[in-house]
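As given, the protein sequences belong to chains A and B, one line each in that order.
Each residue of the first sequence is one higher than the one before, counting from 13 in the numbering used here.
Each residue of the second sequence is one higher than the one before, counting from 297 in the numbering used here.
No lab work stands behind these hints, which were simulated from the structure alone.
C-beta atoms are modelled at their ideal positions from N, C-alpha and C, and glycine is treated no differently.
Check before you lean on any hint, since a few could be wrong.
[To be verified] Residues from chain A that keep clear of chain B, each with C-beta distances beyond 10 Å, as calculated: (1) Ser157; (2) Asp329; (3) Asp369.
[Said to hold, decoys possible] Which stretches of chain A does chain B cover? Using the computed rule of at least three CB atoms under 8 Å from a CB of chain B, they are: (4) 67-76; (5) 111-121.
Chain residues, written in single-letter form:
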Amino acid sequence: MPDKPDRNAIEVVNVSKIFGSGEGQVAALDTVSVSIRENEFFTLLGPSGCGKTTLLRLIAGFDFPTAGEILLYGQDIAPLPPFKRPVNTVFQSYALFPHMTVADNIGFGLEMLGKPKAEIKARVAEMLKLVKMEALAGRRTSQISGGQQQRVALARALAPQPKVLLLDEPLSALDYKLRKEMQIELKRLQHETGITFIFVTHDQEEALTMSDRIAVMSSGKILQVGSPWDIYDKPAERFVADFIGETNFLTAAISEIANGKARATLKSGATIEATVAQGFQPKPNATVVVRPEHAKLTKAKGELSGTVDNIVYFGTDTHVHVHLDSGELFTVRQQNTRSAGCGFEKGDAVGILIGSDAAQVLKD
Amino acid sequence: MATAEEVAKAVERRDVRDRWLLSAPALLVIFLAATGPLLIVLVYSFLTPGSYGDVKWQFSPEAWIAVFLERDIFDDTLSIAAAHVTIFLRSIKLSVVTTIATLVLGFPTAYFMATRSEKTRDLWLFLITIPFWTNLLIRTFAVLQIIRNEGIINTILLKLGIISAPIQILYTDTAILIGMAYVYLPLMVLPIYASMEKLDFRLVEAGYDLYASRFQVLRRIIFPLVKPGVIAGSILVFIPALGAYVTPSVLGGGKNMMLSNLIELQFGQGRNWPLGSALSIAVMIIVMVALLAYVRNAGKSGVRHG
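Given the sequences, and given the hints that come with them, work out the whole structure.
Encoded structure:
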């Protein structure tokens, strides 16, 4: 974020978490290190079982790391119980107290901190206003809808003004429309409160639209950390490229590396320019990825050639699956217009044009 | 022709009638078995005692007067029946203390059980119910063996030199209390466990997350949510404790009577069936009043699950 770019709210240093013992040992987190900046909307993204929720629970204090340190503004909080950490959580199931009203739920954290009654009242009113729930302050949490419960859970976690807010897949129980609304709402809340958000999700679209930075996780490791743009356009590893969005994998020989660019010779014999990570060495069989929307179909000759295998209409766009002459499969995404059709038919011989900055070389 | 609506109504009416007819025998048995004996007791309490037990069919309020008052045999004046009042108060006191003791022991036990893994939970549940397999009298004698002057506790304490003479526990109120707490503990643990098992432990985590200490989480989150279980357990312990017969007779040695022993006395040696009947009904009234007061009080700040 612009004002204090170098301050880290959370630093996770070589943290491991091992569940069970002996032969049943499972490493939920394997020497993970990551820094989360102040005021940023940081997302832990990965499939279920990748360790993202475990990492969140370690930061919250519900579990303790087997090894490593967790620093909150430089102070090691790993050994502290959750009630001594200035960090609050929005739970996946909301976990609202069913025996209390909406207002009592929101005021609970402040009450436990021993704040004076008048201050609690004022803060609860402020929070109710922030999440637009003033009218339902006196309701029991069982008498409000899922979306409203979500807002109360947010208000309850924000009320004590935590240094970091942890969100554990908070939108997964909502229907599509409501989820879209809450995504915008969450961004607004983060902006208005200026609190660091750590958001856990398995939904790549959610991660891409909301986050300042994303950490992609798999099998207890963080594979890549970067802005949504970095993660989507410059995936460093096969898993990241595959997990986020759709992509085409092509085998290529990499040579002539200079200034982050390289020559990639494809199986078809054509050469294209591809982006490479720093320190990458030339290699005869590397993998190059090209997003379907970064390639173009042509009836003339392109870098690749093949026959149209299938055409799938998606409303906003059309996916054309092409069987390449090299034996590989390639998908091209075309934006639809109202007047013109896709312009190709099954069985057509086509060429594929790959833009000069469309290809990315994977590390492995 | 009848409309479809009329037909449906007629079918429904017949359905309801059939249901009543079919359940009539069961209802009759339950009604007679539950209220019949109670009515007999009520009627007996207003009759005159016979010379050899039994009753004379002659109306008399004497038995009801004798529940709390004593008629002087010389001048017919009434005074408070100190013995009865003492027994009533002792019974109520011992039952209340037993309820509290089982709650103090049972709550952590239930919490422990509910926080085990699902597999081991069943094992603990099974272990809790083991005492029910043994006859109450035998269990009470087992307690007697432990607390008597030559029993395990006193022997160990003497051997260790902690005491020089055995502590008299047996035949005291403490002995009755220990016995009753032991016998009724499962009745407290099981309903609390049932409530605790339904408790969403993510709420506990949410409590910790919102700066509540362990004690505050217990008081503000766990306790209010398992209150229905605590209420049920307290009722299940208090009622049988007030009517306990075997435990006070064995461990109290006949010296420290409780209500049931007093009632039994009227039907046995006392040969005063009407008084026994009146005492029984008095106990029932106490239980009902206590229950209503307790449930209403507990319900005020009570919780609805869900």
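For each hint, the structure was consulted:
1. Ser157: holds (15 Å)
2. Asp329: holds (41 Å)
3. Asp369: Non-interface label stands for aspartate 369(A): nearest chain B Cβ at 45 Å, farther than 10 Å.
4. 67-76: Three-residue rule met by the segment 67-76 of chain A, so holds; n is 3.
5. 111-121: holds (count 3)
Violation of the numbered hints given earlier is absent; every hint is satisfied by the structure.
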